[in-house]
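Visitor: Starting from the known structure of chain A, fit chain B onto it as the hints suggest.
Chains as they are written, first to last, in our numbering: chain A, 2 to 195; chain B, 2 to 195.
In short, the hints are calculated from the structure, not lab data.
Take these hints with a grain of salt, some might be off.
Stated by the list, open to error - Below, simulated SDA-like cross-link-like pairs (lysine to any residue); rule was C-alpha separation at most 20 Å, straight line:
id	chain 1	residue 1	chain 2	residue 2
1	A	K85	A	C132
2	B	K179	A	K51
3	A	K85	A	K41
4	B	K179	A	E153
5	B	K51	A	D26
6	A	K180	B	R134
7	B	K179	A	A150
8	A	K187	B	L186
9	A	K179	B	L123
10	B	K187	A	A191
11	B	K194	A	V190
12	A	K194	A	T178
13	B	K194	A	N192
14	B	K194	A	A191
Quick caveat, the model's predicted, so the values are computed rather than measured.
Number of protein chains: 2
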Amino acid sequence: MQKGKETKMAILKAGLAMASQLGLDGVNIGSLAKAMNMSKSGLFAHFQSKENLQIEILEHAARVFAESVIVPASKTAPGIPRIKALVSNWIDWSAQLTGGRIFVSPSADYRDRPGRVREYLLRQQNDSIDCLRRVAQLAIKTGEFREDADCEQFAFDLYSLLLGFHLYDKLLDDSETKKRQEQALKQLVANYKQ
Amino acid sequence: MQKGKETKMAILKAGLAMASQLGLDGVNIGSLAKAMNMSKSGLFAHFQSKENLQIEILEHAARVFAESVIVPASKTAPGIPRIKALVSNWIDWSAQLTGGRIFVSPSADYRDRPGRVREYLLRQQNDSIDCLRRVAQLAIKTGEFREDADCEQFAFDLYSLLLGFHLYDKLLDDSETKKRQEQALKQLVANYKQ
Chain A
2 MQKGKETKMA ILKAGLAMAS QLGLDGVNIG SLAKAMNMSK SGLFAHFQSK ENLQIEILEH
62 AARVFAESVI VPASKTAPGI PRIKALVSNW IDWSAQLTGG RIFVSPSADY RDRPGRVREY
122 LLRQQNDSID CLRRVAQLAI KTGEFREDAD CEQFAFDLYS LLLGFHLYDK LLDDSETKKR
182 QEQALKQLVA NYKQ
Chain B
2 MQKGKETKMA ILKAGLAMAS QLGLDGVNIG SLAKAMNMSK SGLFAHFQSK ENLQIEILEH
62 AARVFAESVI VPASKTAPGI PRIKALVSNW IDWSAQLTGG RIFVSPSADY RDRPGRVREY
122 LLRQQNDSID CLRRVAQLAI KTGEFREDAD CEQFAFDLYS LLLGFHLYDK LLDDSETKKR
182 QEQALKQLVA NYKQ
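Next up, chain A with everything else stripped away, as it sits in the complex (with noise of 0.2 Å):
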C-alpha cells in the first residue's frame, strides 16, 4: 500500500514536470509509462482514465502552490506585508517551469471544453481569486487600505499584474520585468491605501 502511494506519487511529480514542458494535453498514459519505466497498464491502474491522470496532476500542482506561495505567505504579518509576501512567492513559483504553465494555459485552452478538467481549473481560479480579495480584506482590517477599498477590483488589479508578469517573464525575457512588477505593486498598493 505505502509503496503503492509512492509510486503514484512519483508518477504525479513526473506527469507535473511532462505537463509544464508539453502543456496538460500533452501528458498521455502511454508516454508517462514510458518515461517512468513502466507499462502502460500497471500505469493505468493507478489512474483508469486520462482524465483522471490529469485532475491528479492539477491537484499535486495545487498542493506544491498552496506549500510554496500560500502556507508562507500566512505566516506573515496581515495587510500589506503579506499581499507583498504573496505576490513574491507567486512570482518565484511562476518563474519555476511549473508556474502558470499548468494553471494559465490550460485554464484558456479548456475554455469551451467542458468536463471535469475545466471545472477543476476554474474552482481552483476562483480559489486564487479568493485568496487575493482575503488579503486585501486584512489589510482594511490593519487600516492599512481605505474603508472603503474595493476587493474585488483589488483582486482583479492584482490578479491581472501577476499574468502580465507571468508572460513578460516567460515569453519575452524581459530583464527589466522584475522593476516592472514592482512599480506596478507599488502603485496597485498605493490606490487602496489610506
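Guide: Frame of chain A; chain B shown alone:
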C-alpha cells in the same frame, strides 16, 4: 492563381477557427484537410509543413487583429481617447473566439520550444507592447499624461490589464468582468495623468 489564393485564404480561415477551438498545436494538416473536404496532399501543397501552416495561421490572425483593433483605433484622436478605443477594440477581439487563444496561450506553450513559431509569437507580442507604449507617448504629446510618465511601465500595466480581462472573461465567465476592466482602466489612466 487567383483560385489558388482563394483556396489558401479559405484554409487559413478554417485553420484559425480550429486553432481557436483546439489551440495552435491542435491544428494539423490531416484534420484541416478533412474539415476542408480536401485531400491531405492537396492541402500539403499549399504549406509544405505543419510549421509553415501554423505560422501562416498566426499571420492571418495578426492581419485580422490589425484590421479589427489597431486600424480603427488609429483613426481616433491621439491621447486618452485613442487608448480607450484601443482597449475597447482589443476586448471585443478577445471576446470573440479567436481572441487571446490564438496569441496568449501559444505564447506560454511555446516558451520552451525554440523555432519559427516561437520567434513569430515573440515578435508579435513585442509589436503589441510597442503599440501600447506608443499610445502612451502620444498621450504625453497631447498633454494629457505627465511629461515624465513612464511609457514602458504603462505598456506593462495595460498589457496586464488586458490579460486579466482575458482570463476573467474566458474562464470565469464573470458577469462583472466588464465593470472590473473599466474601473481598472480608469485608475490606470488616472495614475499617468497630469
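Visitor: Run every hint past the structure and note whether it holds.
Guide: Hint by hint, here is what the structure shows:
| no. | hint | verdict |
| --- | --- | --- |
| 1 | A:K85 / A:C132 | holds (13 Å) |
| 2 | B:K179 / A:K51 | violated (36 Å) |
| 3 | A:K85 / A:K41 | violated (45 Å) |
| 4 | B:K179 / A:E153 | holds (13 Å) |
| 5 | B:K51 / A:D26 | holds (19 Å) |
| 6 | A:K180 / B:R134 | holds (16 Å) |
| 7 | B:K179 / A:A150 | holds (19 Å) |
| 8 | A:K187 / B:L186 | holds (17 Å) |
| 9 | A:K179 / B:L123 | holds (19 Å) |
| 10 | B:K187 / A:A191 | holds (15 Å) |
| 11 | B:K194 / A:V190 | holds (18 Å) |
| 12 | A:K194 / A:T178 | violated (24 Å) |
| 13 | B:K194 / A:N192 | holds (14 Å) |
| 14 | B:K194 / A:A191 | holds (15 Å) |
Consistency with the previously given hints fails for numbers 2, 3, 12, ordered from lowest to highest.
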